[in-house]
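Asker: So the chains spell out like this:
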Amino acid sequence: QSALTQPPSASGSPGQSVTISCTGTSSDVGGYNFVSWYQQHPGKAPKLIIYAVSERPSGVPDRFSGSKSGNTASLTVSGLQSEDEADYYCSSYADSNNYVFGTGTKVTVL
Amino acid sequence: QVQLQESGPGLVKPSETLSLTCTVSGYSITDGYSWAWIRQPPGKGLEWIGSIYHTGNTYHNPSLRSRVTMSVDTSKNQFSMRLTSVTAADTAIYYCVRHPTVEPSFDCWGQGTLVTVSS
Numbered sequence: 001q002s003a004l005t006q007p008p009s010a011s012g013s014p015g016q017s018v019t020i021s022c023t024g025t026s027s028d029v030g031g032y033n034f035v036s037w038y039q040q041h042p043g044k045a046p047k048l049i050i051y052a053v054s055e056r057p058s059g060v061p062d063r064f065s066g067s068k069s070g071n072t073a074s075l076t077v078s079g080l081q082s083e084d085e086a087d088y089y090c091s092s093y094a095d096s097n098n099y100v101f102g103t104g105t106k107v108t109v110l
Numbered sequence: 001q002v003q004l005q006e007s008g009p010g011l012v013k014p015s016e017t018l019s020l021t022c023t024v025s026g027y028s029i030t031d032g033y034s035w036a037w038i039r040q041p042p043g044k045g046l047e048w049i050g051s052i053y054h055t056g057n058t059y060h061n062p063s064l065r066s067r068v069t070m071s072v073d074t075s076k077n078q079f080s081m082r083l084t085s086v087t088a089a090d091t092a093i094y095y096c097v098r099h100p101t102v103e104p105s106f107d108c109w110g111q112g113t114l115v116t117v118s119s
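Heads up: the protein sequence lines correspond to chains A and B, in order. The first sequence stops at residue 110 when you use the numbering used here, and every number in between is there. The second sequence stops at residue 119 when you use the numbering used here, and every number in between is there.
Worth double-checking, as some hints may not be accurate.
Claimed, not checked - Subject to a maximum C-alpha distance of 25 Å in a straight line, what follows is the list of computed SDA-like cross-link-like pairs (lysine to any residue): (1) K47(A) to S2(A); (2) K47(A) to I93(B); (3) K68(A) to P100(B); (4) K47(A) to N71(A); (5) K47(A) to S85(B); (6) K106(A) to Q1(A); (7) K44(A) to S15(B); (8) K44(A) to T74(B); (9) K47(A) to T91(B); (10) K68(A) to E55(A); (11) K47(A) to E16(B); (12) K44(A) to V2(B); (13) K76(B) to Q1(B); (14) K68(A) to G43(A); (15) K68(A) to Q40(A).
Please keep in mind that the hints were generated in silico from the structure rather than gathered at the bench.
Extracted from the complex, chain A is given alone in its bound form (with noise of 0.2 Å):
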């Protein structure tokens, strides 16, 4: 199974908006919807902030969302603070019971 395919950076500005696309196959993005998305502050361990697409977990601000055309995911930052400067890595179900992640996507809030 190959990684998914992010963008390897994204930049705004504070108070900007950044979409990161998330590009797979129909084994896994396009033929499911468990999308989930992770950012990743140098040094720790990854934080879930997305999962079945669009879902967000309990505490993840509503600036995260998600969504998914065919075989391409999005996680879209909206309102970029400071602290939204981070790895992004998207993963996803694919067939027979794997899991797959992206590539990963550096955000740099300029």
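Use these hints to put chain B onto chain A, whose structure you have.
Answerer: Same frame as chain A, but now just chain B:
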């Protein structure tokens, strides 16, 4: 509040077996969730290693072929992983993670432990 803590050797020789244990606190390991191992080579992305479901079934990344085994010790509220025939490519931070499977995600992570494969 659930907490996970990895333990195991930080240095493993090539061709030997990497063994890690995850101790879960604040939650019973038998209460319906599944559990997973995920790794991250230094400076690189995340890779799912495998999961052990609450049913006892295990699933692993096909790229690791049959090198991975996972188990649960309910008496100690722990789960474990063994990775055989390690090489330098297995050098990574290893995370143990709680793994909801109804709407699959990895919702609670240990702090991670760095394992280096070197002679």
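Asker: Next, verify each hint and record whether it holds.
Answerer: Taking the hints in turn, this is what the structure says about them:
no.: 1; hint: K47(A) to S2(A); verdict: 22 Å, holds
no.: 2; hint: K47(A) to I93(B); verdict: 15 Å, holds
no.: 3; hint: K68(A) to P100(B); verdict: 21 Å, holds
no.: 4; hint: K47(A) to N71(A); verdict: 24 Å, holds
no.: 5; hint: K47(A) to S85(B); verdict: 31 Å, violated
no.: 6; hint: K106(A) to Q1(A); verdict: 23 Å, holds
no.: 7; hint: K44(A) to S15(B); verdict: 29 Å, violated
no.: 8; hint: K44(A) to T74(B); verdict: 28 Å, violated
no.: 9; hint: K47(A) to T91(B); verdict: 22 Å, holds
no.: 10; hint: K68(A) to E55(A); verdict: 12 Å, holds
no.: 11; hint: K47(A) to E16(B); verdict: 31 Å, violated
no.: 12; hint: K44(A) to V2(B); verdict: 17 Å, holds
no.: 13; hint: K76(B) to Q1(B); verdict: 18 Å, holds
no.: 14; hint: K68(A) to G43(A); verdict: 29 Å, violated
no.: 15; hint: K68(A) to Q40(A); verdict: 21 Å, holds
When the structure is compared with the earlier hints, violations turn up for hints 5, 7, 8, 11, 14 and for no others.
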